[in-house]
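Colleague: Protein chains in written order, with this note's numbering: chain A, 89 to 677; chain B, 89 to 677.
Hints are all accurate, no fakes.
Listed below are the simulated BS3-like cross-link pairs for lysine-lysine, each with C-alpha atoms no more than 25 Å apart in a straight line:
(1) A/393 <-> A/486
(2) B/671 <-> A/668
(3) A/305 <-> B/234
Examples of chain A residues toward chain B, derived with CB under 10 Å:
(4) 155
(5) 237
(6) 272
Sample of chain A residues lacking proximity to chain B, with all beta carbon distances greater than 10 Å (derived):
(7) 116
(8) 180
(9) 186
(10) 262
(11) 434
(12) 506
(13) 525
(14) 589
(15) 620
(16) 632
Calculated from the structure, these hints are not laboratory results. Here a beta-carbon is modelled for each residue, glycine too, at the ideal position from N, C-alpha and C.
2 protein chains.
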Amino acid sequence: MYRSHTCGELRASHINDKITLSGWVQKVRDKGFVVWIDLRDRYGITQLIFDQDRSSKELLERARSLGREFVVQVKGTVLERASKNPNIPTGEVELLVSELIVLNESLLPPFTIEDQTDGGDDIRMKYRYLDIRRNPVRNNLMFRHKVAMEVRNYLSNQGFIEVETPYLIKSTPEGARDFVVPSRMNAGQFYALPQSPQTFKQLLMVGGMDKYFQIVKCFRDEDLRADRQPEFTQIDCEMAFVEQENVLNVFEGLIKHLLKEIHQAKMDTFPRITYDEALQRYGNDKPDIRFGMEFCPLAPQGGSKYGFPVFDDAELVVGINVKGSANYTRKQIDELVNWVKRPQIGASGLIWIKYNTDGTVSSSVNKFFDEEGLRHLSTQMKAKPGDLMLIMAGNIDKTRTQLSALRMELATRLGLRKNNEFAPLWVVDFPLLELDGETGRYHAMHHPFTSPKPGQLELLETDPGAVKANAYDLVLNGNEIGGGSIRIHDRKTQETMFRHLGFTPEEAKDQFGFLMNAFEYGAPPHGGIAFGLDRLVAILGGQETIRDFIAFPKNNSGRDVMIDAPSYIDPAQLAELHLKLNKNEDKSS
Amino acid sequence: MYRSHTCGELRASHINDKITLSGWVQKVRDKGFVVWIDLRDRYGITQLIFDQDRSSKELLERARSLGREFVVQVKGTVLERASKNPNIPTGEVELLVSELIVLNESLLPPFTIEDQTDGGDDIRMKYRYLDIRRNPVRNNLMFRHKVAMEVRNYLSNQGFIEVETPYLIKSTPEGARDFVVPSRMNAGQFYALPQSPQTFKQLLMVGGMDKYFQIVKCFRDEDLRADRQPEFTQIDCEMAFVEQENVLNVFEGLIKHLLKEIHQAKMDTFPRITYDEALQRYGNDKPDIRFGMEFCPLAPQGGSKYGFPVFDDAELVVGINVKGSANYTRKQIDELVNWVKRPQIGASGLIWIKYNTDGTVSSSVNKFFDEEGLRHLSTQMKAKPGDLMLIMAGNIDKTRTQLSALRMELATRLGLRKNNEFAPLWVVDFPLLELDGETGRYHAMHHPFTSPKPGQLELLETDPGAVKANAYDLVLNGNEIGGGSIRIHDRKTQETMFRHLGFTPEEAKDQFGFLMNAFEYGAPPHGGIAFGLDRLVAILGGQETIRDFIAFPKNNSGRDVMIDAPSYIDPAQLAELHLKLNKNEDKSS
Numbered sequence: 089m090y091r092s093h094t095c096g097e098l099r100a101s102h103i104n105d106k107i108t109l110s111g112w113v114q115k116v117r118d119k120g121f122v123v124w125i126d127l128r129d130r131y132g133i134t135q136l137i138f139d140q141d142r143s144s145k146e147l148l149e150r151a152r153s154l155g156r157e158f159v160v161q162v163k164g165t166v167l168e169r170a171s172k173n174p175n176i177p178t179g180e181v182e183l184l185v186s187e188l189i190v191l192n193e194s195l196l197p198p199f200t201i202e203d204q205t206d207g208g209d210d211i212r213m214k215y216r217y218l219d220i221r222r223n224p225v226r227n228n229l230m231f232r233h234k235v236a237m238e239v240r241n242y243l244s245n246q247g248f249i250e251v252e253t254p255y256l257i258k259s260t261p262e263g264a265r266d267f268v269v270p271s272r273m274n275a276g277q278f279y280a281l282p283q284s285p286q287t288f289k290q291l292l293m294v295g296g297m298d299k300y301f302q303i304v305k306c307f308r309d310e311d312l313r314a315d316r317q318p319e320f321t322q323i324d325c326e327m328a329f330v331e332q333e334n335v336l337n338v339f340e341g342l343i344k345h346l347l348k349e350i351h352q353a354k355m356d357t358f359p360r361i362t363y364d365e366a367l368q369r370y371g372n373d374k375p376d377i378r379f380g381m382e383f384c385p386l387a388p389q390g391g392s393k394y395g396f397p398v399f400d401d402a403e404l405v406v407g408i409n410v411k412g413s414a415n416y417t418r419k420q421i422d423e424l425v426n427w428v429k430r431p432q433i434g435a436s437g438l439i440w441i442k443y444n445t446d447g448t449v450s451s452s453v454n455k456f457f458d459e460e461g462l463r464h465l466s467t468q469m470k471a472k473p474g475d476l477m478l479i480m481a482g483n484i485d486k487t488r489t490q491l492s493a494l495r496m497e498l499a500t501r502l503g504l505r506k507n508n509e510f511a512p513l514w515v516v517d518f519p520l521l522e523l524d525g526e527t528g529r530y531h532a533m534h535h536p537f538t539s540p541k542p543g544q545l546e547l548l549e550t551d552p553g554a555v556k557a558n559a560y561d562l563v564l565n566g567n568e569i570g571g572g573s574i575r576i577h578d579r580k581t582q583e584t585m586f587r588h589l590g591f592t593p594e595e596a597k598d599q600f601g602f603l604m605n606a607f608e609y610g611a612p613p614h615g616g617i618a619f620g621l622d623r624l625v626a627i628l629g630g631q632e633t634i635r636d637f638i639a640f641p642k643n644n645s646g647r648d649v650m651i652d653a654p655s656y657i658d659p660a661q662l663a664e665l666h667l668k669l670n671k672n673e674d675k676s677s
Numbered sequence: 089m090y091r092s093h094t095c096g097e098l099r100a101s102h103i104n105d106k107i108t109l110s111g112w113v114q115k116v117r118d119k120g121f122v123v124w125i126d127l128r129d130r131y132g133i134t135q136l137i138f139d140q141d142r143s144s145k146e147l148l149e150r151a152r153s154l155g156r157e158f159v160v161q162v163k164g165t166v167l168e169r170a171s172k173n174p175n176i177p178t179g180e181v182e183l184l185v186s187e188l189i190v191l192n193e194s195l196l197p198p199f200t201i202e203d204q205t206d207g208g209d210d211i212r213m214k215y216r217y218l219d220i221r222r223n224p225v226r227n228n229l230m231f232r233h234k235v236a237m238e239v240r241n242y243l244s245n246q247g248f249i250e251v252e253t254p255y256l257i258k259s260t261p262e263g264a265r266d267f268v269v270p271s272r273m274n275a276g277q278f279y280a281l282p283q284s285p286q287t288f289k290q291l292l293m294v295g296g297m298d299k300y301f302q303i304v305k306c307f308r309d310e311d312l313r314a315d316r317q318p319e320f321t322q323i324d325c326e327m328a329f330v331e332q333e334n335v336l337n338v339f340e341g342l343i344k345h346l347l348k349e350i351h352q353a354k355m356d357t358f359p360r361i362t363y364d365e366a367l368q369r370y371g372n373d374k375p376d377i378r379f380g381m382e383f384c385p386l387a388p389q390g391g392s393k394y395g396f397p398v399f400d401d402a403e404l405v406v407g408i409n410v411k412g413s414a415n416y417t418r419k420q421i422d423e424l425v426n427w428v429k430r431p432q433i434g435a436s437g438l439i440w441i442k443y444n445t446d447g448t449v450s451s452s453v454n455k456f457f458d459e460e461g462l463r464h465l466s467t468q469m470k471a472k473p474g475d476l477m478l479i480m481a482g483n484i485d486k487t488r489t490q491l492s493a494l495r496m497e498l499a500t501r502l503g504l505r506k507n508n509e510f511a512p513l514w515v516v517d518f519p520l521l522e523l524d525g526e527t528g529r530y531h532a533m534h535h536p537f538t539s540p541k542p543g544q545l546e547l548l549e550t551d552p553g554a555v556k557a558n559a560y561d562l563v564l565n566g567n568e569i570g571g572g573s574i575r576i577h578d579r580k581t582q583e584t585m586f587r588h589l590g591f592t593p594e595e596a597k598d599q600f601g602f603l604m605n606a607f608e609y610g611a612p613p614h615g616g617i618a619f620g621l622d623r624l625v626a627i628l629g630g631q632e633t634i635r636d637f638i639a640f641p642k643n644n645s646g647r648d649v650m651i652d653a654p655s656y657i658d659p660a661q662l663a664e665l666h667l668k669l670n671k672n673e674d675k676s677s
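In isolation and in its complexed conformation, chain A is listed as follows (with noise of 0.2 Å):
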């Protein structure tokens, strides 16, 4: 028996009582007479103690020469600590150890197991496992089984069922890139890796499963941007015989129940807007609502015209208010002026008012307004004294991206984003489609088997751009955590969407022929939700990016570099693959 208690289990109750610990050093501390070391396992850590009254000097010796990360089993008798260290939960006991066993020794380890470490990036995930003994990263992995077990525990209690779909299924032009799988035993032909199991989900709903859901793996052979990878994991739900209000209820009852269990926070009803909406208030379709800073749409006196050629020539005109940063020096705002013009924002340019403490008025366009233009504008903004205004003119799109990008920005560095709020959102209605400025083509928004909103399906053949779809997203954050819709169900209508995303009906009966004739044989009407959940658990973990809550992400460039994979395989494989490798990247033979 390696251990009776683990590291973190020993209290004032166990005084005197003979144990056996396991684990690793994290520290030794050598007075002399007196060796201490840091005894640690995933429960925490426990004081061990050697000394030259009480241990033989071989004892002693033995301990002093341990070193960092090697694995030591231990036996002896609680004592109460001289000095205790309320810090700790054992920090009112150590273990003088009587018997010392190495289990495992350990090279130095390139970097320090410790909350703040000394190690890059890269370093890091070439010795993951290391990088797991670190509490953080061990921290956030165990959050993220508590929150998969919250979502099944809440979900299987709402009377879903976990259905695993397969991983090997049928590759499709439509959507992002698949990944492929050749197959052996029939030549020439590949399977794919599924984006998602939405096909699957849908003939679950027509199998009369009623509620599904899984936690599953899905694959996107994308150009990967920072924190994306290519295999992601799904809270993936469909239910049957639901109208778009159905679904809503059920997954915002998921999100309270998880902020109840983990935050122990009481949250109302989700506010809902619309994705029109949600551009104009706040310039994207995911927003930010822990704070307010809302966009101001601004007209000029009168209707009429500005008399400032920038605003008179632009689209859109609309501005912040950032409530109480009229003492932003002009320093600080000649920083702000050069962060939007950056090339990841590219504005043109940043007009800014201050609303004064004494009541005046200060701008950067002085030259094109006086007093009483800028206090009409300074109104439309609700500013008060105190008060500073930021505002942007442009194209509308573009100004709305832009002003977006910034109010985040000013939102972060004001402190208003905060780890430990939660400010959840349902934006609704959003367009079925989106045309592609470069083809001319119409993309589905969310999939091709979103359906249109009721009676919009005419609309479809005259102003396609204008159809509104039965498609949600839930937003927490700043972040689009869920996305789902009502899908269509009769052959019919899925024929009309496709021709309309230009599939031939050839194509279309193709790739997903076994679709539609699954709504031939009586489909039930049905909708669902996929929530991404690397991001979920990252945001309810109060944290922003994603990587430290997969135990075993890849680079950038795809790449596990600690198993270093992808690899070259053997030529005989690839012959029973059916494949050659392109001449001129062949590098494996």
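Given the coordinates of chain A, work out where chain B should sit on it, guided by the hints.
Modeller: Leaving out everything else, chain B in the frame of chain A:
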């Protein structure tokens, strides 16, 4: 709102309530003046009634015209039934329909959606979404969900953390064939899909996760035998600082928990037998111990010779006692003899002795044995009047395999393998290596990470086949449902192991260098187990085949016939992956 209640919910207490149901038309019974419809959903069946007194003519007409599997919504009033149906929970009431909306029509299904269907396997697979509507299939999937939830609850309560390990990993030639995934971003390189998360779970132990589990898909590209799937689900578990005894206790607890929660079965401590003993007593390493019929190795009287060449020339003479079957007719016995001679079994013959109820003894070897000789054999097999003894002789391994098959066949015929009886046992002390007769090379019996028994490392050099491992299987009703081992946790032993498996040091480093490196940074002793969820669920569900516990299984050629996967992909997609099809097999262009 599509429904106020489900089709399984209405009781006498609902009488006179106005309610709304949605579901599928299971059956229409048209008696002219009255039409009854069974409306079905996942939760049950509710009887709808339309009659000429209380329903409009038009409504009656529309009810009459509904086809099987039409999806309808109905509103109406709950009435007490004139003739109650005690066989279904809703049998006391029926719904007098006032409003009928057809939500979707249905073509005539290709097979009947009933518990006993007329659909063959192929058509059921092609229309799996209809097959899932049938109670037996849907109940299996719901049962699987329940088992998985109970597994998670038990392990989570025991302090295990579910950690997701990656699906895009590195291909290794060890073990079964990998499915591989070409990388677009890393030209000419491939990921592999995991055959199991073995190395990752060991790295999690190195990482101090202490107790890990995961319910996870695994993949093997092997020629499919009946009831094998290219993708299958594993309950994968690992623990640090454990010996075999700790692992066995925890997972015996898991199986007990499942049997208690699912079958209200209270189990005693599971028996444990060694691998060698299992072969001696049952002829295989996954014995079904729901019944006896144990192997009796036979010896000649006085230790000399039988005087029967078949026995005297054999490595092994072994019999089973089929209790109470001395009344088998000559024809029945001939049939058994033919059964063991079939190519699938391949025995050269079968010797029988009857201990008749009148006390006489008869046999197929009267020529070679006198009555005393037969009685001597009978005594060794502890036969009593009325028993039938069956004996086989020859090469040890073959004879055991053949007699084991006969033992199982007889038990099946005699009804001794009861679906609702559960007889688990541990088989322990597996050999570390097994000799491949063809290549003369040793293979790891479990996998290359399994630890030899303490003190047997030296034996590896002198008699590799004799080395026993800290490896164990959990066997339930004649099926291996789980297997595991205590692992190697130091680099030197792991290197020794790879050398004995025929790896060069370079190969070992190239494929498993990351693991051996990890062992140098304080790897704790660890061990674990993995269960095949598909099989476990099928056995707990009292069924023989796994296919109907998988929502969307593949056929024996690894095809999903419903979605028609695998399939050809676009040549452009292939080019992006830096691949070409082998010319003579290129059918896609």
